[in-house]
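Chemist: One letter stands for each residue in the lines below.
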Amino acid sequence: MKLHEYQAKGVFAEAGIPTPESELAETVDEVVDAAERIGYPVAIKAQVQVGGRGKAGGIELVDDEAEAREAADAILGMDLKGLHVGSVLVEAAVDFTDELYVGVTMDRTEGRPVAMVSTKGGVNIEEVAEEDPDAIARVHVDPSFGMHPYQARNAVFEAGVDRDVATSVARVLTTLYDLWDDKDATDIEVNPLMVTADDEVVAADAVMNVDDDALFRHSDLQEMEEEGDTDQDDLEAKADEYGFDYVRLEGNVGIIGNGAGLVMTTLDLVDYFGGAPANFLDIGGGAKAERVTNALDMVFSDPNVDSVVFNIFGGITRGDEVAKGINEALENFDEIPKRVVVRLAGTNAEEGMEILNTDLVTVEETLEDAVQRAVEYAEEDQ
Amino acid sequence: MSIFVDNDTRVVVQGITGGEGKFHTGQMVDYGTNVVAGAVPGRGGQEVDGIPVYDTVEGAVEEEDANASVVFVPPAFAGDAVFEALDTDLDLVVAITEGVPQQDMARVYKRLSEVDTRLVGPNCPGLITPGEAKLGILPGNIFAEGNVGLVSRSGTLTYQVVDNLTQRGIGQSTAIGIGGDPIIGTDFVDALAAFEDDPDTDAVVMCGEIGGEDEEEAAAFIGEHMDTPVAGFIAGRTAPPGKRMGHAGAIVSGSGTGTAESKISALNDAGVPVGDTPNEVADNVEEFL
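First to last, the sequence lines map onto chains S and X.
Here the first sequence is numbered in our numbering, starting from 163 and rising by one per residue.
Here the second sequence is numbered in our numbering, starting from 1154 and rising by one per residue.
Everything labelled a hint here was simulated from the structure, so no lab data went into it.
Any given hint might turn out to be false.
Said to hold, decoys possible - Capping the alpha-carbon separation at 27 Å, the derived lysine-lysine pairs in DSSO-like fashion look like this:
# : chain 1 : residue 1 : chain 2 : residue 2
1 : S       : K282      : S       : K243
2 : S       : K164      : S       : K243
3 : X       : K1396     : S       : K217
4 : S       : K345      : X       : K1263
As the list claims (entries may be wrong) - Cβ-to-Cβ under 8 Å is the rule here; a few derived chain X residues that face chain S:
#  : residue
5  : R1196
6  : P1205
7  : P1228
8  : R1306
9  : Y1312
10 : G1389
Think of the CB as a built atom: it goes at the ideal place given N, C-alpha and C, for glycine as much as any other residue.
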């Protein structure tokens, strides 16, 4: 899960990382009231889960009430890279002399966490990593010991951070690592970490992504996820509710399968045969009939879908369960809304083919044939 | 011949009393795998379909001389189960469990560097030497004995490509699903090196996907160290940047590496033909044989 900026700042502040005074607001009046309490100038920042908010007009710095009203009115309710802005963070503007970057992430090549520091903060750090990799100091951490303070100091000095703030920056980095560890984060970042004229450091932004697979041991984060889930579209919300890996795409051929690699391959084949995939939907391993029914419900709910290909290669998933789910889902309709092509192979596929109601679906034996047929149906039904 | 598993493999199943553990133990036994024990804390002394269950993996190793384990333990306890297996002197641990927290795996990965045991997985279908042994959840009936090795990051894609091979009479020496998680025990390079050293593997299929740089590293290894020909496949050509497509690893960052394009060109540069469809992969393998 991705935390919103205001949520991540709450977590950081509680752990002792200095953050600017701020309040969450959902209306123009709330923005103005918050700004009065905090004192101008303030930054008004859209709370949606996308990068590059500033460039897209989602962050404004304002000096007085008139400007605050105008900015709040423009940002609240705006569409930012496809996401609806429902709330903004009103935050004290920081008078800074330097902008740093600090972060912790998993280095998947090394199989262990890496902490990073750079004096080139305040900009797109991925670009820095690409163009000037030496500008980022990196230190790998043994996850069984955690980060030693000397490792944070080494990284900070290697990055060339000013000696007057080095200790504070190193402390922020060890705190970030401890949070990364305690909260099962996958990435955690402050960009920029602002340095003030009197050598204080302040986290002016906060990024924290948490491993979904570890949420079972963090009830506090689960609550945040529910509270922050406001900018999804209906289908994505439905996918979350059903617990599917789902990605909505631009095309019109709906795709349901088991296993990420096979579903991606099905997408690629739709494209290869001249069609366009409408979605990626992985029902996962060992799916029972109900899950299959839910998957069809999801894809039928997407108005862009003209045909559906259901591609199952059973391993832990059993063909008879899948067939049962397809039958149950389709028998509810007087008229099935889109034509469905089914391809079943692997564990219990023969048992599945015996119970599959072939009056309701088109059956193909191979992956290639199934995809081609679904692409043809989509073209006919356009 | 084969890599990693054969007729001599003696398996202990961790989590044998659970639904999946029990079902797939039956499937493994039916396939001819020598499952000698189960290990479930608190269930020692019981039997599952005639297989003795021990409270600890250590017990199964001491009493039944197990040399490999297959882990069907739920995600919250899977990291601990793998640690337990690594603290005995097993040759091989295969972790099937999906959804093991990344930080648990980072600690397991550190431990792996200190022991001689090979880990396959987690979040993988396991591995099979057709006609000899199957450790995991792969559907045994699609495989055939032969001389083509297969290594894949995706379980169901493994089945698909194997099916394409078997359908046209091309059998497999060993097929291994390494799993799509960001941190895994055995990677492409480990499997490719083992296939290169196996005199009875005459060609190898490598199925990758978008995300990470494992395929690029594998391509470099193939270019420098392999005489055995390799045919490739990369899933996710049409995936949009920045979206996570199921596997934790299957995300494209938007920068140069990790895309299908960069993986395909790295493989091509190493002399590996990359098929557009699983069927084309089988065509390419046929050319090699």
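Chemist: Can you confirm whether the C-alpha distance between K1396(X) and K217(S) stays at or below 27 Å?
Modeler: Distance of about 21 Å is within 27 Å: holds.
Chemist: Does the structure keep K345(S) and K1263(X) at a Cα separation of 27 Å or less?
Modeler: holds, 20 Å
Chemist: Min Cβ distance, R1306(X) to chain S: is it shorter than 8 Å?
Modeler: holds, 6 Å
Chemist: Given G1389(X) was flagged as interface, is its beta-carbon under 8 Å from a beta-carbon of chain S?
Modeler: holds, 4 Å
Chemist: Can R1196(X) be said to touch chain S, with a Cβ gap under 8 Å?
Modeler: violated, 22 Å
Chemist: Is K164(S) within 27 Å of K243(S), Cα to Cα?
Modeler: holds, 16 Å
Chemist: Does P1228(X) hold up as a contact with chain S if the rule is Cβ-Cβ below 8 Å?
Modeler: Holds - the Cβ of P1228(X) comes within 8 Å of chain S, reaching about 6 Å at its closest.
Chemist: Against chain S, run the beta carbon of P1205(X) and see if the smallest gap drops under 8 Å.
Modeler: Hint violated; P1205(X) Cβ to chain S Cβ min 25 Å, cut 8 Å.
Chemist: Given a cut of 8 Å on the nearest C-beta pair, is the interface hint for Y1312(X) held or broken against chain S?
Modeler: holds, 4 Å
Chemist: Is the straight-line distance between the alpha-carbon of K282(S) and that of K243(S) 27 Å or less?
Modeler: Within the cut-off at roughly 26 Å; holds.
In summary, the structure is inconsistent with hints 5, 6 from the numbered list given earlier, while agreeing with the others.
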